[in-house]
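Hey, can you work out the whole structure from these sequences and the hints?
These protein sequences, in sequence, are chains A and B.
First residue of the first sequence? That's 1 in the UniProt record's numbering, and the numbers climb one at a time after it.
First residue of the second sequence? That's 1 in the UniProt record's numbering, and the numbers climb one at a time after it.
FYI, nobody ran anything at the bench for these hints, they're computed from the structure.
This one's a predicted model, so the numbers in the text were calculated from it and none came from an experiment.
Check each hint, because a few of them may be wrong.
Within a straight-line C-alpha distance of at most 25 Å, the following computed DSS-like cross-link-like pairs (lysine-lysine) qualify [as the list claims (entries may be wrong)]:
1) A:K283 <-> A:K25
2) B:K111 <-> A:K153
3) A:K31 <-> A:K19
4) A:K146 <-> A:K181
5) A:K68 <-> A:K114
6) A:K153 <-> B:K101
7) A:K5 <-> A:K283
8) A:K15 <-> A:K68
9) A:K153 <-> B:K90
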Amino acid sequence: MAGLKELRNRIGSVKNTQKITSAMKMVAAAKLRRAQEQAEASRPYAERMERMLGSLAAANKSQAGGPKLLSGTGSDQVQLVVVATADRGLCGAFNSSIVREARRFIESKLADGKEVKILCVGRKGRDQLRRIYGNRIVATLEDVSKPRPSFEKANEIGLRLLEMLEAGEFDVATLFYARFKSAISQIVTRQQLIPFAVEEVEAEAAQASSSLVYDFEPEQEDILRQLLPRNLSVQIYRALLENAASEHGARMSAMDNATRNAGDMIKRLTQVYNRTRQAAITKELIEIISAKEAM
Amino acid sequence: MAEMVAFELVSPEELLISEDVAMVVVPGEEGDFGVLPRHAPLISSVRPGVISVYQTRQAVTERIFVAGGFAEVTPERCTVLAELAIPVDKIDRADAEQRLKDAREDLADAKDELARSLAAREIAIREAMIKASEA
Chain A
1 MAGLKELRNR IGSVKNTQKI TSAMKMVAAA KLRRAQEQAE ASRPYAERME
51 RMLGSLAAAN KSQAGGPKLL SGTGSDQVQL VVVATADRGL CGAFNSSIVR
101 EARRFIESKL ADGKEVKILC VGRKGRDQLR RIYGNRIVAT LEDVSKPRPS
151 FEKANEIGLR LLEMLEAGEF DVATLFYARF KSAISQIVTR QQLIPFAVEE
201 VEAEAAQASS SLVYDFEPEQ EDILRQLLPR NLSVQIYRAL LENAASEHGA
251 RMSAMDNATR NAGDMIKRLT QVYNRTRQAA ITKELIEIIS AKEAM
Chain B
1 MAEMVAFELV SPEELLISED VAMVVVPGEE GDFGVLPRHA PLISSVRPGV
51 ISVYQTRQAV TERIFVAGGF AEVTPERCTV LAELAIPVDK IDRADAEQRL
101 KDAREDLADA KDELARSLAA REIAIREAMI KASEA
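Structure representation (structure tokens):
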């Protein structure tokens, strides 16, 4: 049986831990709200971008040999996997579940005999992937969401992908991130970035714009050529925002659990502590009484 | 009241303006164009410049600087997707000049094509910005 002093120390340290976890929970909750607002605010742009792209792509469909971003390089031999995770841990299974999905995808591609390259966005994902696919990681970007995801950062990533595409370093780019559903539920999502999958957008935009015949200024292809890289950045930006919200959500619920666990632990330890204390008192009393009787 | 154009100005970070206006003048890639109600459908890229919003036919009510983007016009609405948008009277002249200077230096040091085109773009944006703040 542990001594009274040790128990007291133990309870003290668990209490401290609890204070920290509950503070982290509050911070995560505040950040989550802000991240959600930001995600909300970015939606109109993405929606209108999609609408525009939809009508452009619909008009452009007839022509073959569109830009690489839309029609691909004609091969799928080299796969680039972009894994967006958090830079920090202590957020439950958030990072691990993204990495797990990405790994499954990578394994299936490897099994098909494809070449896989990995671009890590966020430190935690890299740490986990490095152990298995160390030599496949082409680059890691850190602190992209610090203090919060900015469009500029997303744009940088987009430009980087473009550069790599132009240099012929990959054929297909797939992005992994966690879509925010609620504070307790984040869904790991796989999205093909390059070539951009317009199909689902096209369908709804086509009926909306079928009655309209747009004029293009400058030429349609020129606009498309400008719009596609922009759209790439927007998609990445959106993913970063979703990821940030998911991260804070995951951290909030993880810290909530931790706080509750600490509470339970304190309760149990306090009980043991009191029992031990009482036992010690009883023992002392018995000793005093029996000593007296012996006299 | 005459017909209005539903004008929207959106940046990646937020929806900046959403209102009904009489006319907007957008700096298109191939020249400024005014959008009145029942304008023909048009998609155009936007160069760095100033968007003028006319609340009534006569008076300019708002002047907003945009650093390029895209505009979609239909008979009822005009949507501008801007990369960066700030009201002209909020332009920080000194900051813009500093950035212009930096960008020129970047251009001089640029090693590859991408860095060069980025710097050139930045210069175009800042020059237009300074010009807008003068007008």
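Verification of the supplied hints:
1. Pair hint A:K283 plus A:K25 does not hold up; C-alpha atoms about 44 Å apart against a cutoff of 25 Å.
2. Proposed proximity of B:K111 and A:K153 is supported: the alpha carbons are some 21 Å apart, at most 25 Å.
3. At most 25 Å may separate the alpha-carbon atoms for a hinted pair to count; A:K31 and A:K19 meet this at roughly 18 Å.
4. About 22 Å separates the Cα atoms of A:K146 and A:K181, which keeps this hinted pair within 25 Å; it holds.
5. Only pairs whose Cα atoms come within 25 Å are accepted, and A:K68 paired with A:K114 is accepted, the gap being roughly 20 Å.
6. Restraint check: the Cα-Cα separation between A:K153 and B:K101 comes to about 22 Å, which is no more than 25 Å; the hinted pair holds.
7. Our distance criterion of 25 Å between C-alpha atoms is met by A:K5 and A:K283, whose separation comes to about 17 Å.
8. With a C-alpha separation of about 57 Å, the suggested pairing of A:K15 with A:K68 is violated against the 25 Å cut-off.
9. Of the supplied pair hints, the one linking A:K153 and B:K90 holds, its CA atoms being roughly 24 Å apart against a limit of 25 Å.
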